[in-house]
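Given the sequences, and given the hints that come with them, work out the whole structure.
Going left to right, the sequence shown walks through residues 10 to 383 as the numbering used here numbers them.
No lab work stands behind these hints: they were computed from the structure. There's no promise every hint is true.
Claimed, not checked - Here are the computed lysine-lysine pairs in the DSS-like style, where the Cα-Cα straight-line distance is at most 30 Å: (1) K282 with K314; (2) K65 with K314; (3) K65 with K274; (4) K65 with K295; (5) K65 with K276; (6) K124 with K65; (7) K314 with K353; (8) K272 with K90; (9) K314 with K266; (10) K260 with K276; (11) K260 with K355; (12) K93 with K276; (13) K93 with K142; (14) K295 with K282; (15) K83 with K142; (16) K83 with K65; (17) K142 with K266; (18) K340 with K295; (19) K340 with K306; (20) K276 with K90; (21) K277 with K314; (22) K90 with K142; (23) K274 with K142; (24) K124 with K276; (25) K353 with K339; (26) K366 with K65; (27) K355 with K93; (28) K83 with K276; (29) K282 with K260; (30) K366 with K306; (31) K90 with K124; (32) K124 with K266.
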Amino acid sequence: APRSPGSTLKPLLYASMLNDGMLLPHTLVADVPTQISGYTPQNYDLGYDGAISADKALSRSLNIPAVKMLQQFKYERFYDKLKKLNFSTLNQPADHYGLSLILGGSEVTMWDLAKSYLGMARTLNHFNEYQGKYNPHDYDAPVYSKDKPKTALNEEELELNSVIDHGSIWATFNAMEEVMRPGDEGLWEQFSSSQRVAWKTGTSFGFRDAWAIGLTPDYVVCVWVGNADGEGRPGLMGIEVAAPVLFDIFKQLPSSKWFETPKTKLKKIIVCKQSGYKAGEYCTDKITELVSFAGEKTSVCPYHKLIHLDASGNFRVNDSCEPTSTMQHKKWFILPPAMEYYYKIKNSDYKILPPFKAGCEVAGGNNAMDMIYP
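In structure tokens form, the structure reads like this:
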């Protein structure tokens, strides 16, 4: 029966944005109090990080960054993407769901949900077999045939593009692997025998549905816990009741290696370590990352800027009030005010901008403000 998916569609949005060149895996997204046309999403812990990398927002299942990402991606576009992934129970137009689409505002079947993740796993598993091309049937429903032998597709049946590309799927599975496991499973990385699993939980509004879906190169396991009549129960949460079942099942299944890296569909680019965007000229710490080809289309870091300080380094100045010969020029990480307000609480190493030197204020350039709420 169709049920609210909770947060289980978040990885599909993350993968879609990577696929369309709208973010990189570690790009910072806003996590601040948010109200959009009367819609006020909340994180489960009711807190805010100010800014958090997209992959961590996914692994921690933060609601506000997910809504912000969907707002950027457009819910109509995501709705169309879900249709292409063969979700069969989206019977209303996109406007009916709006931004709540990413937080369980629709209904899906377990079959369709498992099938979408199965299709992503198949796509990555077929990377070498099909030499980087795509099998158009990877997202079809699985069919068990005892006697019919497996037949490979002909070259002309393969396609150059798919709903989600190899590189974006690979990055999404890596982010899903970082989701904190329940109970004793939280220490899985300390044991060499542990199985690597990309997974995600979901909890519907009113604690009516608890989900956990996980996958390896060989298996996709989907667990739903709830009441047939849809009645909610306190504590009926994916991480509490569905996730333990998921990992109990994986313990009974043969272990498999992790997904192979689709190297020829990834490109090395220089990334700003602090913001996760493509590095700009003022970024102070740059690293090299493997990203999908679409990552080249992403924006350059908007947060690192060059500021001008007086000789003491304590005040900002400009050439109307300070000789350029005595100025210090510093590269500075500057978040918008609302993001900064919460970010600096959890990041003690964040340095706020020095004040302007008396007489050096620029009209409109000091005491910038953001409307945090509403």
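For each hint, the structure was consulted:
no., hint, result
1, K282 with K314, "holds, 15 Å"
2, K65 with K314, "holds, 25 Å"
3, K65 with K274, "holds, 23 Å"
4, K65 with K295, "holds, 19 Å"
5, K65 with K276, "holds, 22 Å"
6, K124 with K65, "holds, 25 Å"
7, K314 with K353, "holds, 18 Å"
8, K272 with K90, "holds, 25 Å"
9, K314 with K266, "violated, 43 Å"
10, K260 with K276, "violated, 35 Å"
11, K260 with K355, "violated, 36 Å"
12, K93 with K276, "holds, 26 Å"
13, K93 with K142, "holds, 18 Å"
14, K295 with K282, "holds, 5 Å"
15, K83 with K142, "holds, 28 Å"
16, K83 with K65, "holds, 21 Å"
17, K142 with K266, "holds, 22 Å"
18, K340 with K295, "holds, 13 Å"
19, K340 with K306, "holds, 24 Å"
20, K276 with K90, "holds, 24 Å"
21, K277 with K314, "holds, 24 Å"
22, K90 with K142, "holds, 20 Å"
23, K274 with K142, "holds, 10 Å"
24, K124 with K276, "holds, 29 Å"
25, K353 with K339, "holds, 20 Å"
26, K366 with K65, "violated, 38 Å"
27, K355 with K93, "violated, 39 Å"
28, K83 with K276, "holds, 26 Å"
29, K282 with K260, "violated, 36 Å"
30, K366 with K306, "violated, 39 Å"
31, K90 with K124, "holds, 14 Å"
32, K124 with K266, "holds, 21 Å"
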